[in-house]
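J.: Okay, here's what each chain looks like letter by letter:
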Amino acid sequence: MIRLEPRSRESWIWQFGSPVVALSLTVLAGALLFYLLGKPVLETLAIFFIDPVNSVYGLSELLVKLTPLLLCSLGLYFCFKAQVWNIGAEGQFVIGALVGGAVALNVGELDNLIALPLVLVCGSAAGAFWAGIAAWLRTRFGASEILTTIMLNYIAVNFLLYAVHGPLKDPEGYSFPESALFSENTLLTPLHSDYRVSAAFLMAMVLVLVCWWLHQNAIMVFQLRVQAAAPRTARFSGIDSKKLVWRVLLISGAAAGLAGVSEVAGPIGQLTPYLATGYGYTAIIVVFLARLHPVGIFIASILLSLMFLGGENLQVMAGLPKSVSLVFQGMLLFFLLITDVMIRYSVTFGSGKQTQSARAASL
Amino acid sequence: MSGKNLSADSSLTMPDFPRLEVIDFSCSYHQHVANENISLKVFPGEVHGILGENGAGKSTLLKCIYGVERPDSGEMLIDARQVLIDNPATARRHGIAMVFQHFSLFDSLSVEENIALFLSVPLDKARKLAEETLSQLAFNLSLSARISVLSVAERQQVEIARCLMMKPSILLLDEPTALLAPPEVASLFLLLEQVALSGCSILFTSHKLDEVRSICNTASILRQGKVVGHCEPATMDNKLLTEMIFGDEPPPLRRSEKFEKGGVVFSIESVTTLADEQNPLPLRDVSLEVHAGEILGIAGVSGNGQEVLNALINGELCPVVGKIIFEGEDWSLETTASRQKKGVQLVPADRLGVGAVAEFSLAENFLLTQQHLFVGRFGAVDTKALSHAAQESIALFGVDHEDAKVTAGELSGGNLQKYLLARAVHANPRLLVCNNPTWGIDLQGTREVRQRIGELADRGVAVILVTLDIDELFELSDQIAVLNSGRLSSPEPAASMTLQSLGERMTGDGQSTLTAGPNNTGDQAARG
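So the protein lines, in turn, are chains A and B. The first sequence begins at 30 in my numbering and counts up one residue at a time. The second sequence begins at 48 in my numbering and counts up one residue at a time.
Chain B on its own, in the form it takes in the complex (with noise of 0.2 angstroms):
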């Protein structure tokens, strides 16, 4: 076992041995069998992406590289030298390092702190490290500030730098882009590229085709355990890439071109909310409208005020100055659970954190958004309305689980994606709020997705989509609007918005460079 070798100097003679040959890999779980005899090789300073649906290994791949997963069989060179990676510790040692699709951040520790825990050095050189590698990123990020106040998106930064801080040889990223906004992408792709340059070698996992093409020099496509092709995917079109993972063509979205609106469902008028320390950025002379039959779009760059304007219209706080009116009935005061009664749902971004509680049955889980339905006499809970109910959703919605009582931690991510969404529409809301609805989950699965919130809309449901993903904005939207430091921009049908016209919104080319931006003030409000 040597590691020592290692440095990023040897890719300047560029050796004709790969940095890294996985050879044979096959991992299960159970009964389940995740990898399958995968072999693959990357040179150095090459960015190898590997495809795939959601199950189809990508992630227990890059696990078992990692040595978080064991393999069951398979071997694996570094440098054309045999390596035994039993544990992420002598993973790191080989010079590997790993971004997860899921955190492992300490929430109470400032971003510093959790740096210099990672790296292991102390305060002060961990500051100067970051401070040097955050300008490189153009992450706009507070190192003072605790990871609670930090929004998805700023977290996953987080994570991502201080993982190029170690200067790593290899370097796994597992959907590094699920929860960044384009500039952002376009920012970290730059900086892959500068790693790269210095013989790093990169593999990336993602859903997003494009993203696929523009920066990986190889790929390799796996399906149900198995690597089924390798390809360069500059050199082929979206369509042949999908063909590819899915073995044949997506079916189109159903969304029907023309909406017929119907009257106003849900407004809020000129609403302005105070900081606090949960929403440390307010909203500011917010203002909007969804009719009967509309998806408004509020695209925008994460932690310019979304989720305070979830929260805003869920009813967890109240505006200070301004009202929020659903059919004609004010409702600035109304608590949560009397909109729900009333017909508002919401599907919230974070999952397992905010829609679900993970050690819950599915069905318990049902019963959060829409107590009043299956609450009799003595505020008794019917369990057996409730359990049917759930198992129906599940069927309708084809969650892969036929199960109710099985937790809500036990489900992937698009699964539950898709159950939190068939709990929204069993309430029959008036106005359905969907955060990021397919952040995270397989090609298939956003298709799903979508396709239901454009069939609920057809059926004269308002929908509020809070999203992220432009694709999605544009598939989905009937108006489009901005938020931007907590402001919103008047909505605009899609039809007539251009790329760049969003684009220069979201980054605060518009009205927002009047004020503060919404980092600084975010994190001044992070620290008091």
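If we strip away everything but chain A, and leave its shape as in the complex, we get (with noise of 0.2 angstroms):
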């Protein structure tokens, strides 16, 4: 008989282990899939996984991708340390976008060393206004974060569907749903004429950073943890538990907030219907991968964004659905969440002895 049998402290291999187990799990069932839908195998992994960055261009178009999803996951980070659970990132992100260009369309006469900025802490203030309802809602009247943030989001894709079929559809733009190009004072232009990669890369990087000294160092970074693990305990060492709610909501959207402007003020140059593009979702996944770690969150960011480029890869050479990233996605986190029982458990064959934690409870 396979038993689980409760560890009397977490399993430090395991906690690293997981992600890497779990990773090479999901390309051993990708395989299966690619096999079972009758294309090759290893060819077809390639194309996912390799072909897409095996040039410099390549390469540039990850960090494009890198750049919103490190975003969203690093303002994750700050919810998920104190198990606020945000699942809004993506409504965070659509509105910063959709308040980002609005302002951009409006800006666009200005000096780019006004406009620009002015662009960016809009879309910021914007996303954490977003998240700041939810923060309210959980505040004032105790409604659960996890079902806000996602109605939330609903809200947000369909403020931008009415905004690019009505108020700010391009009046030159043929009835497209899509607002007029932004103007070049507006836009975060690329570090390098050949690459889309903007500036934005740049501030995500320090972002990174900043993340990994506060995590090591921040008294806040720990109070986060107290309300986590012993809310009881930290209301007695006096954490403000609704005051680190406010804060880390509002940390979370105005970094996903300010990912969303920088894809409409950098690569995408204009507001389409198509902006929730799935980076606060994915953000989740990789936060988790990354043991709400700063530095796992920048690994794992690449190593999603390396599926967001690889399922575009396969659409175009396999004649494969773009949607295989999303099951690439699903199942990586499937059985992240199974590998993770690991930490806490220890499975055993057979009735052997027990341990002493198991016995404790199984009484």
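Keep in mind that the hints were calculated from the coordinates and are not lab data. For every residue, glycine included, the Cβ atom is placed at its ideal position computed from N, Cα and C. There could be a bad hint or two in this list.
[Said to hold, decoys possible] With a straight-line cut-off of 16 angstroms between C-alpha atoms, the simulated EDC-like cross-links for lysine to aspartate or glutamate are:
1) A:K272 - B:E363
2) B:K308 - B:E374
3) B:K308 - B:E502
4) A:K271 - B:E363
[Said to hold, decoys possible] Between beta-carbon pairs, the in silico distance windows are:
5) A:H194 - B:R424: 44 to 52 angstroms
6) B:D323 - A:T218: 50 to 58 angstroms
7) A:R32 - B:R128: 25 to 33 angstroms
8) A:V370 - B:S86: 40 to 48 angstroms
Work from the hints to combine the two standalone chains into their complex.
T.: Right, dumping it as structure tokens:
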């Protein structure tokens, strides 16, 4: 008989081993999937994981995908550290893009040094505002942020659709549901003319370093951990949990909003109905895969960005739908949740001598 | 393996073989030997005490008998038949029941649901059984109350009551009275005597020697995992028993007889609080005043507002009426963090649930109540200073763990208590609030903790001591006030107070008869 027995302490080996095993299982399951679809397994895997990044241009495209994913994930890091389950980075991303875009369409005449920061700050603030609604509902009425943030995602997307079909539609756009292209003055220009990577990538990298520093030093991160591990102790030791909920949601919303606005004021350059491409949801997987650690977030974001690129590549090269990347994401989270069990439990075969803790648990 | 022939009537004939015999039990964890060649006999109807310091191996012995631990060697006889008990289910089939030192109740379920689950009977049957047993016990528990709203003592009552409902032939009790107030202890003992009369054998561990002497027919004394002697406690005095347990005479406490009262440090002026889910029993018109160098003892049966009083002093709760004043400043709306900064430290009763985070290191736990001391520029924690301070406090208070990296959950109760007290002392408080500071700690640890508290007061700290332990109350307090149904009696000098007058106030013969009883109020709030 196979049995799970609780460990007396969390296993450090599995803490880090679990993502690696989960990734391996995902690749194996992906291989099986390609095989069942009648595709040459190794070649298809290569198209998915290797081809997208075997050129400098490919690598630069990876950074383009990495930027918004990193920003969203770093924001969620704070929420999840405190066990505030913000599922709404997607909506905060969209609102950031929408409001930032609306501002961009109206300040095109201003100087670049004023217009661009204005656009970025407005987008970021809009994301924070959107998350702030969930914070208010949670702290004022005790509404679960899981539900409110998910619902706010749909509202955000519908606001975007309304805007591009209505007030923000390009008057000279032949009735396509798109805004006009933003003026040069409001755009994050590429760092190099051959590639699409913009200064937003540099901002994201700085934020990785800032988060890493906070992770290791900040009293705030300590407070988030106390709040997550023992809310009663947090209250006793004077940690204001409402303030924390506000703070983490505002940070997270601002980061997702910044991601959104740097997409529309960067590689995209206009508002379109297709802005909600799943960065906000993928970021959730990133943060769990990363073991709630900023450096882990950097690594996991690269992996998940690669899956985005790989999906697009498969569509072109192997005639498979782009949503293959979503299948891979789903499998990755699925396997991760399974292998994470190993952190707290050990597997035993047969009815050998039980551990002390297992016996205590069987009382 | 036969357990079917066990029944209470076997005792009527009083067989000349013991109900339970343990022969040469040895049990070790990793390298540490917890029990070594322990042998003892308990006859039907006998109450057998197991005495010893914390870490002497009392709990381990009970756990081995109950099948939670498996001894490395040794055997066990029940009614002169050899039995092999390798898990609690087998133990229960042999008529053994155990009340643990740490609770095994489901917080989110009600009292009666916990009882039904434990006994594996339908809810209505459990309710009937429970009503019977509780009225016998004189435990004032509401069956429909959720465990999470009960005080620690009330939870323990549930544990004891549901074990008795199994009608066991061998009952193991690990520190059952640690959290009970005197009247509750008395009624428990009365019931245990009845249970013993019906032929049940009882094994009982306790640190309280008076209790052991009053209830135990026989006792085994454990020191460092070995039996160092058997005795009949009733025939011995405390001094002799203490000598057997420790091997020598305990040093006297150093609390100085006279205390020099300084100015008023902290006062509460006619405060009333609102009832909410966390604090079902509000405080009503509570006033108190504590001076520098003074220890104000707050007595009371548990669940009479102690936790609310703590929350109020800690700033987790605001008064709806009245004022809190600290060194002349109105503190009614002051935050907890700001109170810590200005010199208030609390040592809560629930060490792991409130005072410390089990999976955090000792150093991290040190940070909890004095974040202002270790936070520098950009909100960065000075981890070096922190682990240094934690390490220093560990050494200073003789916490039995030299490394601040171990987690709080790995410390024994006594060591964790010393550590939490050391943490509070490090912050250099003007006001220290201690809650049941010696609950579940061995005699040596108790003595040390009480001595520390006395020393702090001698150095001019104002101390509020909220305790259920009457000995402790009289030993340490300069003034005593009694909390009953959310009301506080006016403090009186400890010297002028008698046990009787204290008991009357605690059990509600005094002013509290004017109002509803504590449990009624609490239960109504819990139900709503």
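J.: So, for every hint listed, does it hold in this structure?
T.: Hint-by-hint comparison with the structure:
no.: 1; hint: A:K272 - B:E363; in the structure: 14 angstroms, holds
no.: 2; hint: B:K308 - B:E374; in the structure: 15 angstroms, holds
no.: 3; hint: B:K308 - B:E502; in the structure: 14 angstroms, holds
no.: 4; hint: A:K271 - B:E363; in the structure: 13 angstroms, holds
no.: 5; hint: A:H194 - B:R424: 44 to 52 angstroms; in the structure: 50 angstroms, holds
no.: 6; hint: B:D323 - A:T218: 50 to 58 angstroms; in the structure: 56 angstroms, holds
no.: 7; hint: A:R32 - B:R128: 25 to 33 angstroms; in the structure: 31 angstroms, holds
no.: 8; hint: A:V370 - B:S86: 40 to 48 angstroms; in the structure: 43 angstroms, holds
Comparing the model with each earlier hint shows no violations; every hint is respected.
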